[in-house]
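Number of protein chains: 2
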Amino acid sequence: MSDTVKYLLDETKIPKAWYNIVADLPVPPPPVLHPGTLQPIGQGDLAPLFPMALIMQEVSAERYIDIPEPVRDVYRQWRPSPLYRARRLEKALDTPAKIYYKYEGVSPAGSHKPNTAVPQAFYNKEEGVKRLATETGAGQWGSALAFAGAVFGLEVKVYMVKVSYQQKPYRKALMEAWGATCVASPSEETNAGRQILKEHPHSTGSLGIAISEAVEVAATHDDTKYALGSVLNHVLMHQTVIGQEAIAQMDMADDYPDVVVGCTGGGSNFSGIAFPFIGAQLRGGKKVRVIACEPSACPSLTRGKYAYDFGDTGHLTPLVKMHTLGSTFVPPGFHAGGLRYHGMAPLVSLVQELGLIESRAYTQTKCFEAGVQFARAEGILPAPEANHAIRGAIDEALRCKREGKKQTILFNLCGHGHFDMQAYIDYFAGKLEDSAYDEKELAAAMADLPKVAAE
Amino acid sequence: MSDTVKYLLDETKIPKAWYNIVADLPVPPPPVLHPGTLQPIGQGDLAPLFPMALIMQEVSAERYIDIPEPVRDVYRQWRPSPLYRARRLEKALDTPAKIYYKYEGVSPAGSHKPNTAVPQAFYNKEEGVKRLATETGAGQWGSALAFAGAVFGLEVKVYMVKVSYQQKPYRKALMEAWGATCVASPSEETNAGRQILKEHPHSTGSLGIAISEAVEVAATHDDTKYALGSVLNHVLMHQTVIGQEAIAQMDMADDYPDVVVGCTGGGSNFSGIAFPFIGAQLRGGKKVRVIACEPSACPSLTRGKYAYDFGDTGHLTPLVKMHTLGSTFVPPGFHAGGLRYHGMAPLVSLVQELGLIESRAYTQTKCFEAGVQFARAEGILPAPEANHAIRGAIDEALRCKREGKKQTILFNLCGHGHFDMQAYIDYFAGKLEDSAYDEKELAAAMADLPKVAAE
Chain A
1 MSDTVKYLLD
11 ETKIPKAWYN
21 IVADLPVPPP
31 PVLHPGTLQP
41 IGQGDLAPLF
51 PMALIMQEVS
61 AERYIDIPEP
71 VRDVYRQWRP
81 SPLYRARRLE
91 KALDTPAKIY
101 YKYEGVSPAG
111 SHKPNTAVPQ
121 AFYNKEEGVK
131 RLATETGAGQ
141 WGSALAFAGA
151 VFGLEVKVYM
161 VKVSYQQKPY
171 RKALMEAWGA
181 TCVASPSEET
191 NAGRQILKEH
201 PHSTGSLGIA
211 ISEAVEVAAT
221 HDDTKYALGS
231 VLNHVLMHQT
241 VIGQEAIAQM
251 DMADDYPDVV
261 VGCTGGGSNF
271 SGIAFPFIGA
281 QLRGGKKVRV
291 IACEPSACPS
301 LTRGKYAYDF
311 GDTGHLTPLV
321 KMHTLGSTFV
331 PPGFHAGGLR
341 YHGMAPLVSL
351 VQELGLIESR
361 AYTQTKCFEA
371 GVQFARAEGI
381 LPAPEANHAI
391 RGAIDEALRC
401 KREGKKQTIL
411 FNLCGHGHFD
421 MQAYIDYFAG
431 KLEDSAYDEK
441 ELAAAMADLP
451 KVAAE
Chain B
1 MSDTVKYLLD
11 ETKIPKAWYN
21 IVADLPVPPP
31 PVLHPGTLQP
41 IGQGDLAPLF
51 PMALIMQEVS
61 AERYIDIPEP
71 VRDVYRQWRP
81 SPLYRARRLE
91 KALDTPAKIY
101 YKYEGVSPAG
111 SHKPNTAVPQ
121 AFYNKEEGVK
131 RLATETGAGQ
141 WGSALAFAGA
151 VFGLEVKVYM
161 VKVSYQQKPY
171 RKALMEAWGA
181 TCVASPSEET
191 NAGRQILKEH
201 PHSTGSLGIA
211 ISEAVEVAAT
221 HDDTKYALGS
231 VLNHVLMHQT
241 VIGQEAIAQM
251 DMADDYPDVV
261 VGCTGGGSNF
271 SGIAFPFIGA
281 QLRGGKKVRV
291 IACEPSACPS
301 LTRGKYAYDF
311 GDTGHLTPLV
321 KMHTLGSTFV
331 PPGFHAGGLR
341 YHGMAPLVSL
351 VQELGLIESR
361 AYTQTKCFEA
371 GVQFARAEGI
381 LPAPEANHAI
391 RGAIDEALRC
401 KREGKKQTIL
411 FNLCGHGHFD
421 MQAYIDYFAG
431 KLEDSAYDEK
441 ELAAAMADLP
451 KVAAE
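In order, the protein sequence lines correspond to chains A and B.
Numbering-wise, the first sequence is residues 1 to 455 according to our numbering.
Numbering-wise, the second sequence is residues 1 to 455 according to our numbering.
Any given hint could be a false lead.
Just so you know, same-sequence chains aren't split out, so a pair can sit in one copy or run between any two.
[Said to hold, decoys possible] The calculated SDA-like cross-link candidates involving lysine to any residue, where the alpha carbons are at most 25 Å apart (straight line), are:
#, residue 1, residue 2
1, 431, 176
2, 305, 169
3, 6, 248
4, 6, 16
Please keep in mind that the hints were generated in silico from the structure rather than gathered at the bench.
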């Protein structure tokens with residue numbers, strides 16, 4: 001039997017609809033609140049930021065929402081993405097477990113992010129928008145939106161967290177190669193940015209600040225809308241092409257996972273692989289253990305409070321109920337820049353509250369150790385974010401070994417690490433540190449959550 | 001009709017044999033000469049450097065050589081690679097031509113190089129070799145061999161041209177992630193390296209020097225063999241999986257190319273796409289124009305002499321008849337590090353002498369201009385080497401536009417540019433220069449070719 005097994009679907013098998021887990025949850029999601037009134041918002045309140053098609057998806061309770069053909073046409077460039085049986089890794093671990101991974105690094109931007117960037121650009125273009133403003137941390141989302149903007153002929157303006165802007169010139173260059181404009185945040189271009197710079201002239205920025213800048217630009221320009229790369233319901237829903245394909249591919253392998261593992265920052269790649277399996281379970285299918293793996297330096301699911309909070313530092317965004325470390329929390333430095341958000345997607349938070357998923361936190365050195373073991377066995381160099389999922393999957397495989405169990409483990413390899421080589425250089429040089437956050441600062445940030453009557 | 005068209009073969013369609021163009025050429029290739037005696041070498045002369053299976057492939061005149069199943073199993077991770085119809089690029093160019101590209105950047109190492117690294121590692125492992133020594137310029141070949149070594153459990157030692165070693169720490173980190181050892185060449189580890197450093201303490205290295213070091217290590221260690229990433233017959237043959245798949249994919253599209261374009265450094269990716277089409281033509285099939293695109297800073301096919309020359313600076317390798325700029329020629333700086341070799345593969349040189357291909361040289365700024373146009377239309381950021389093929393394909397498409405011809409153009413997109421972002425940054429900053437070589441130095445290098453009685 002071959003050592004490498006790839007399960008590849010024909011492109012006619014690209015899902016025809018996105019899956020909306022809201023339809024199968026036993027309770028409705030808590031309402032989103034207006035930042036000014038703290039009352040549930042109406043659809044019109046979001047209209048300055050998003051095109052109506054996406055607003056309708058955000059509040060939809062329909063189980064399936066059709067994927068427009070022009071979006072499937074673009075997906076076709078790299079979808080269906082491959083599912084692999086990691087036989088060489090199984091052998092290296094000497095585990096009786098079967099390990100499968102879905103590989104999203106085959107997209108032009110190298111991660112799962114184009115799954116939502118493409119439909120977001122499409123719907124905006126359809127509704128006559130000329131320009132999209134967004135934020136990016138490590139640059140994965142910014143480059144995915146730059147790619148999607150190039151495909152549909154939209155201008156893209158990216159506010160990139162200043163410390164990443166300085167440390168990751170290659171991600172910026174990738175955005176520019178696709179024609180996007182990228183500036184360091186906080187910038188002098190927005191009120192939100194100028195205010196931060198006035199108070200903290202040497203601010204290195206944060207996702208929360210960059211979101212404030214992008215939202216402000218969208219809110220104050222008629223031809224510009226805002227695009228978010230994670231957290232929101234419609235973003236998570238777009239990612240469900242991952243899990244839907246994985247179910248079909250596991251079926252090709254005549255197998256079904258006992259355990260599904262993903263890494264969580266804002267929650268979108270995790271939802272993409274997990275929600276279709278959780279939905280099948282909720283509709284009477286096989287029970288699956290689902291494990292969210294997050295960085296111990298930014299542990300929203302394992303340490304955060306389930307409460308209403310703002311999505312940004314400037315408190316311009318609506319409030320959502322989520323696991324949050326507080327919108328003023330600034331995590332210590334670590335290399336998985338895509339997992340530095342203070343909150344967690346409301347739907348991921350809700351499924352954890354409902355007992356449908358587990359979560360665990362890992363230090364970065366443990367994750368890089370897993371990532372390098374994976375690379376040497378399977379040949380693909382993972383993104384630092386994805387290393388958290390690999391760590392979780394390897395730990396599960398080692399548990400199976402201890403327990404002598406032949407379980408099936410599936411994880412999402414959400415992207416490659418080609419733009420994260422400095423992190424690997426630091427890891428090989430023994431320079432990676434597992435910095436802990438300051439417990440007092442975390443306590444202060446979590447004590448400072450907005451007071452909301454609805455809770 | 002969809003704007004993106006992907007032609008993807010089922011993995012059972014991975015070719016079962018490599019194609020050997022020698023079987024279809026009207027003349028046999030000139031013999032390889034011993035560097036000491038200048039007489040044709042025997043198979044035994046190569047035994048210190050290569051495993052016998054590869055030596056037999058090097059001298060074979062059989063049309064097809066079976067691909068071992070364990071090699072096909074590894075190929076399966078990314079092969080068959082996709083063939084795309086570049087509709088968005090066609091539209092951007094407003095050309096009546098149809099443009100197709102075969103994309104080899106889907107391999108774990110991001111280029112076509114694993115197509116030969118994998119069988120080379122396999123045959124060495126089969127014959128009990130413990131360690132492979134090789135050279136690398138920009139790092140594509142070194143990382144491909146590091147990947148293949150990880151798969152088959154072989155140690156890999158890479159001599160990396162010093163200027164690249166210093167400028168491209170990320171390629172080195174990628175090799176290390178796969179467990180290989182990478183040192184800057186010239187090094188203190190070999191006689192060849194020490195001699196260069198004695199004469200030129202600040203030498204920044206060259207491919208020719210790095211080859212001398214790797215060959216020396218293989219020749220002087222029983223457990224170590226040498227691996228070369230281009231130029232040799234067996235290497236070119238391994239790459240023919242590209243063109244064989246492309247023929248089947250063009251057939252799926254119910255089309256056949258009028259023009260086939262590839263970039264040339266040592267000649268392997270070009271041969272991979274072109275030789276199966278040239279072979280079909282030689283066996284009575286449709287005539288195809290085949291165009292080799294090389295950098296004007298290192299123009300072996302367009303300016304080199306067709307003559308016997310050494311493959312390395314230290315004159316340790318056998319002599320082959322090829323288009324050469326002289327083994328002492330050092331090209332000026334440019335960003336397509338994979339296209340800096342002083343010579344051209346003997347089989348590519350021979351097909352040019354036979355009038356079966358055309359060649360042209362391009363400056364790097366013209367190539368980057370084409371690469372960025374391609375990236376904005378098609379979404380994939382190409383390697384600087386591949387930009388030469390894109391330039392050639394776009395020029396052909398623009399010719400078709402001028403002439404009002406609906407021709408079909410196929411080119412090989414041999415790799416992505418994720419490890420070449422500094423080149424794009426320099427291009428966007430207007431810092432790329434089209435340095436010319438010194439005509440006197442070139443004349444001197446070409447006057448210094450070895451005198452061989454056979455010519």
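Hints and how they fare:
1. 431 <-> 176: Intra 31 Å, inter 16 Å, cutoff 25 Å: inter-copy only.
2. 305 <-> 169: neither (35 Å within a copy, 42 Å between copies)
3. 6 <-> 248: So residue 6 and residue 248 pass the 25 Å test inside a copy (13 Å) and across (21 Å) alike.
4. 6 <-> 16: For residue 6 and residue 16, the Cα distance is within 25 Å both inside one copy (22 Å) and across copies (18 Å).
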